Amino acid sequence: MNPTHTSNQTQEQVEWVRVTMERHEAELLRYAMSLVEDLPSAEDLVQDVFFKLCKQEPESLRGRLVPWLFTVVRNQAMDRHRRESRWPRAAEAEAAEVAGNSPTPSASVQTRDDVRNLMSLLTTLPPNQREVVRLKFQNQLSYREISQLTRLSETNVGFLLHTALKTLRQRFERLDAGPGVSQARSNLHPSSPQ
Amino acid sequence: MKSTPSPADWTPDSPELTAFALKDGPFDPSVPGWAEHRAAAEQAVALSALLRAEIGEIRRIADDVETDLTREAIHRLSADRREAVLAYARNPERGLPRRSSARSSQDGNSGWHRFWSVLTRPAMGYSLAAATALSIGLALWNAWPSEPGPSPAVAILSGGSNAPAEASLSISADRSTPTQATATATATATAADAPLIAQPREDILRGESPRAWGSPGRLTGSSTPSESPESPASVAALVAQVKRYGLAPSADSADVLSGSVTSAARPAAELAQKSQARQATPATSAIQAKTSAPRPRAQTTREIPFQSAATTPRSTFSLKPGNTSYPQIRKALQEGQLPSPDAVRLEELLNYFSYDYPAPSGSDPVSAQVEVADSPWSPDHRLVKIGLQARPAPTAGRPRANMVVLVGLSPGSSARLSWAQRSLQALIDALDGPDSLALLIDGPQGRIILPPTAAADRGSLIRGVGALRAEGAPRGLEGLRRAYALADQRHVPGGINRVVWIVDGEFSAEAGTREALELLIREQTEWGVLLSVLGLGVEGPLEPSSPPWMPPPGGSTYASAATPAEALAVLRRELQPTPTTVAENVTVDVRFNPARVDQWRLLSQESRESATAPKASPTHSGVQIDAGQSITALYEIVPTRSTDSTRPGSGSELAAPAGSSSDLLNLEVGYRSPANGRVQDSAESRPARSLQMGVADVSRSSDAATADYKFAAAVVGYGLMLRDSPFKGDLTWEKVQTLAEEGQGPDREGYRAEFLQLVRKARGLQEGSVQGFKPKE
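Top to bottom, those sequences are chains A and B.
All residue numbers for the first sequence refer to my numbering, where the first residue is 1 and numbers rise by one.
All residue numbers for the second sequence refer to my numbering, where the first residue is 1001 and numbers rise by one.
Extracted from the complex, chain A is given alone in its bound form:
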């Protein structure tokens, strides 16, 4: 940290960290949850990101704050994975959590079913596709930003997304077709591609 920081600058720095945290902790936690096993671990990851942020100059991250945050989360998750030699678990539990919440008014049941279906279909994708889909559609990152933080080429990101969407579409349409759909939906096994 720059030792010449005046208290004023410190004040600004703290404010910057506070606002950044306020704005981005939720999306970072979502992303982290898709990379690690549980909420406490995800919170660890995200908290560490903000510790690292404290040492950054706001100027140095201008215009690339969000990709930077995601990159740090990802790198730390990779480190953790290396340490524990486990690839991040997928989002089954999350999906179950969403599905298992308290009952809702009947009007939205249909929508909920769709969510569950798509979420469970998402878990059938390979991890790299799943991650790219999340970054693109949940965190609204661009191909380029995803490419920067995953160190894949942009072409590769495009390919993964394309494949993922196509697969999801095909599987979703298969679910959607014909009577007895709701039965099939709720009993869907995540690993049944056919």
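It should be emphasised that the hints constitute simulated quantities derived from the structure, not laboratory data.
Note that the coordinates shown come from a computational prediction; the quantities given were computed from them, not determined experimentally.
Hints are supplied without guarantee of correctness; some may be wrong.
Short derived list, chain B residues pointing at chain A, Cβ under 8 Å [claimed, not checked]:
hint, residue
1, Thr1018
2, Gly1025
3, Asp1064
4, Leu1069
5, Ile1074
6, His1075
7, Arg1081
8, His1491
9, Ile1496
Label-pair distances were calculated between CB atoms; the ranges are [as the list claims (entries may be wrong)]:
hint, chain 1, residue 1, chain 2, residue 2, range
10, B, Asp1080, A, Gln11, 18 to 24 Å
11, B, Glu1093, A, Arg82, 26 to 32 Å
12, A, Arg83, B, Ala1087, 39 to 45 Å
Glycine residues also receive a C-beta, built at the ideal position from the N, C-alpha and C atoms.
Dock chain B against the given chain A, drawing on the hints supplied.
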């Protein structure tokens, strides 16, 4: 992606097609050469129905995925973790804190607490018990978080601010001392034409008003374009949307949306359309909806006829008049046509304009002003102008503002651009030093013109506004995302964080965009960043129910501005924090004195409910008045003497003491103080209060009336002429024009001058037209 195959070689399975559909990768507008790339791709896609269908499918699944992913549970860091980070930021030399048992940090209370606050922001604070928050939060999450914030009405005209040129009445409300019954009328009669104005007779101070005037249904008659039948395609799209978001029954953000659906779709049809919506590709349904949504046509409306004061002595008027009539008329005239009489709604015309009313004195929330003169079209009648003015919003102490303006105007709309620039310059004038403004241009060359800049740096702001260009119609998501990102940079917690999206009519929502937009807006609204969409040069309201305009989640607004003055008014309003309610349960009761009034008529269209006598109704949490709001109503009165001198009541005035019996009418405005955020505060726990005033009869020519009075008479007279109203008496276009000319007043924003032009235009059209408009006997 240098090695991208030429779009001509694309197949439905090309990854590039996905990138194109998502407008990302090589089609990301920040990539150099993007525009040419896109042009080539569009050409290839235009030639292939197969590719187009595929793009629709890709966008649809992408949209579904996005929708579902963004609805996943939201977690936040626990309070102790956040505090640890901030402590470290304050003093990094101390080193990283030791992580105290990460596993136990799931204690949840603070996390849920925060979660709850996100769901309910901005209506509630952190005051609810975490346990309650947990259960309600879960339920809400499942039903999609509702946004209970008030949705600001678009067309509330606020009164002018300069000193009134006439005598004014300020009626004082009763205070905490019901025993006191002194007349404390505060007449600030200063001007020469003071006698024209009704003088305050009495201020009746009462502790409790046992009566509530007017029924809530009657008084909430705002214009609802959603009542018109929707085209099947748009209904299908709406139903699909309702289905997707589960919106319909959970009275949540999209009140407009659910309004349309419930009024337009019957259950059986809904089912059919649901499946239809599922089948149709979003591309086609969006296109159909866009092209086939006709202008809503109201059913034939009648003006309210005269009522006998003997049998119907009481009246009320709407405190929330609609705002569509005047723009509709203007549009018709500009197209060289006379408007349909149904489009002419007198009370809406009247309230399109603002009039100078005195601000309430002291702590009164509302002031009333009444002016009486002979009717310009029936000289033996009186025309009574009643104006209510709510206390203005406090300007000092406004929270800090963080404004981001996204300009998406099609090339060629340079006139609109210059309006936008003029309006933005006025906006800059209204900003204080610590406020910030950012400017972006939407469109193909979308770019940031001015990063968030403190208003103290006025020069940069002005230069930024000057550098704006009309470079392209809004393209939906990208520009708005960028705007929100800029708003992020200067986010003011608890302040005014607002993105103003200036568009013209050229917005082309692509398939799926609408829903993604809505999600984006909803999310940002939860964060406290509100959106205002300002349609420049768009005639009539941006109809939220018809594509491409998405329904605004709570706190966001739409407004259209067909003139620069309107644009300015909208921008100024957006700088205000959420409108503060100054009075609730507001009721207006006009009681005519049968001794003085033979017949009366409210110059207004008949609404569905009887617009005449207010029914005594139990207390209701109905109509609110927001800070700065003003409402104007005109009554035409047939005095007893001029029509029937033998009426039994007419003689009594001579014997009556100077007091109420010689009054023409009595005006009472009942209200309750706003609930001040106390959620469970019942209406009953706040005492009802009222303002009362008696209005004396005066007979004098309208020639001697104030400018505001003449202008109001001109506006309503204009409506009568356009409707060829049976009540127009001996009114002529000549007379309307004279009144409008004499009623120009200061006209600081040019509204009245524009009106005068429209009078000339209508006159020319009507006098030139052969058919119709036979003179009435």
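| Quick check: which numbered hints come out false for this structure? | Failing hints, ascending: 9, 12.
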